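Asks: Residue-level listing of the chains:
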Amino acid sequence: MKRYLSIILSLFVVLSCGQPRVLELPLTSERKVLLGPQEILKVPLDSVTSLFNSLNESIIINGMPKLLIFSQNTNRLIQYDINSGLIERDVLFPKEGPDALTGIDFSSGMHYVNSDSIIFMSSSMGKIFLANELGKVYSKFDVLNDSIVLGSFDLRSQLAYRNGSLFVQSLPKRVGRNKSEFANRRLTISEYNFKDKKLTQHPLYFTEVYQEYSFSQQLQSVGFVFSKSLDRFIISYPLSDSLYLTDFKNYYESIPFKSNLVKRAFEQDSKNKEIAPERISSYYNWLSDAYIQLMYDESSGYIYRVARSGISHEQFEASDFYTTKEVLVMDGNFNVKGKISHSGSSLMYHFFDRDGISWNANFREFNMSRNNEDTLYFEKYEIY
Amino acid sequence: MKNMKFINGFTAKIVLLFIFFLLGCGSRGESVNQDLIQDLKNLTAFDSKKHKVVLIMPSSGCSGCIAAVEEFVRDNKFPSLFLILTNSVSQKDAVYRLNLVNPLCDYFWDSNKTFYDSKDSEAIYPKIVYWNDGDWLNSRVVIVKPENPNAMVELWDYLINLKF
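Read top to bottom, the protein sequences are chains U and L. Take the first sequence: its position 315, counting from 1, is numbered 315 in this note's numbering, and each next residue is one higher. Take the second sequence: its position 78, counting from 1, is numbered 78 in this note's numbering, and each next residue is one higher.
Don't read these hints as lab results, they were simulated from the structure. Do not take every clue at face value.
Said to hold, decoys possible - In the DSSO-like style, the derived pairs of lysine-lysine whose C-alpha atoms are separated by at most 27 angstroms in a straight line are: (1) U/Lys263 - U/Lys32; (2) L/Lys119 - U/Lys273; (3) U/Lys42 - L/Lys92; (4) L/Lys92 - U/Lys95; (5) U/Lys273 - L/Lys145.
In this text, all values refer to a predicted model and were calculated from it rather than measured experimentally.
Work out the full structure: start from the sequences and follow the hints.
Replies: Next comes the structure, spelled out in structure tokens:
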């Protein structure tokens, strides 16, 4: 009897633990470690603008590097000159009326094309806005759709622009639908053409990992940029060791660009009772190693890919989201130059100048521990 | 007969273990609340003569519960209400979000997470402490969670009755 009970107990343990799978990724030779930050730069914020503005972008105007921030607290678009650290433009969008940008919240996007065409996208409202630098919204497009939602499952969605079309990741609407309807369209980039108002979906077939495994939504948020000089889109999946170049028609090429921090990822186990249902997707995202960001400097052709290792269950429970991170560096000819160790803080802001890249310094060290939320600090890396 | 003895012994152990777990669960919740009340008593910013109710607000966790509490705070600033903002990253954002720029009620920014116990399974929910100054160890703690939908209505009734 005791033996039967032991067997039943063992079977129960094996069966209950064996369901969610773990994706194991192979290691590669270690990358050359590039130098640490050469300089700390400061950018002042006003007393209301949040320290954490996910809608921001590195832009070049008349050959000069600028940082554009949309403050969701105040509905202001603020343009900083990087060289002086001063505000050059501060435009208020009203909360109501024809120039209101409604629904700019989680998963929204912003992309600067030129001073007359700044694109905003509201994922929750299914709207695209075209605005100018004076705060006038001169065109609105309704992109609400029965089968897809525009935007990644992330704080912000990356937007790209090419020849009169906006490109953004889209996710299938699942409620009330049979999975087979979108089995081969789980990951798509949607193209919205401003002239004919046509929405076209481009399924991403390049990686099989997402067909075989069921990962949390955050681990399905792809990083992508458009390179004017290559006339190609560059795509980075959270769980693929390669980058992909594509025109979304018939050309694609994979380029290995691996970090040894990305070793394994956990499938989502929705039956895990230890974690509240509303946190389960976030839990399996944070537990997994992943490539979390792609940054591209059009003027030099350099590509930067951010990799992070997962955190422990205990860290997640304690809301400690500091993790080991590194930034891989690749030049315009797709040669890997090396890697830069990162503090593990959130990498929310970056900009490029003629020397290389700068990104926000560790928020905990430079802001929170000093009780200073009115200054953005940047670490500058001379790469070129 | 031998098997019967084993089952009896085995069952007894399981029953004992079950009782142990039940007792353990109960005492953990009570112990968390006792610690919370003790920490409140020791908090300099907390004025037990003025503050009759304490609202402890984490910034992440049960998003619906937190949103309901934040909406309440944006619209209701009673002097007898004391807010504790815990497990939150940005004080600047919280002050703006809750409209605490010129607050009519007092608040405490819990940067050391004194009022956030990550081991407490209910730490993801906001908590209301109805302070009993005469017998403070018996102050009542109410968890704002989906199973307790009247928590905020009860709080509003309590605060409005203190006012009039």
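Asks: Are any of the numbered hints broken by this structure? If so, which, sorted upward?
Replies: Result: no hint breaks.
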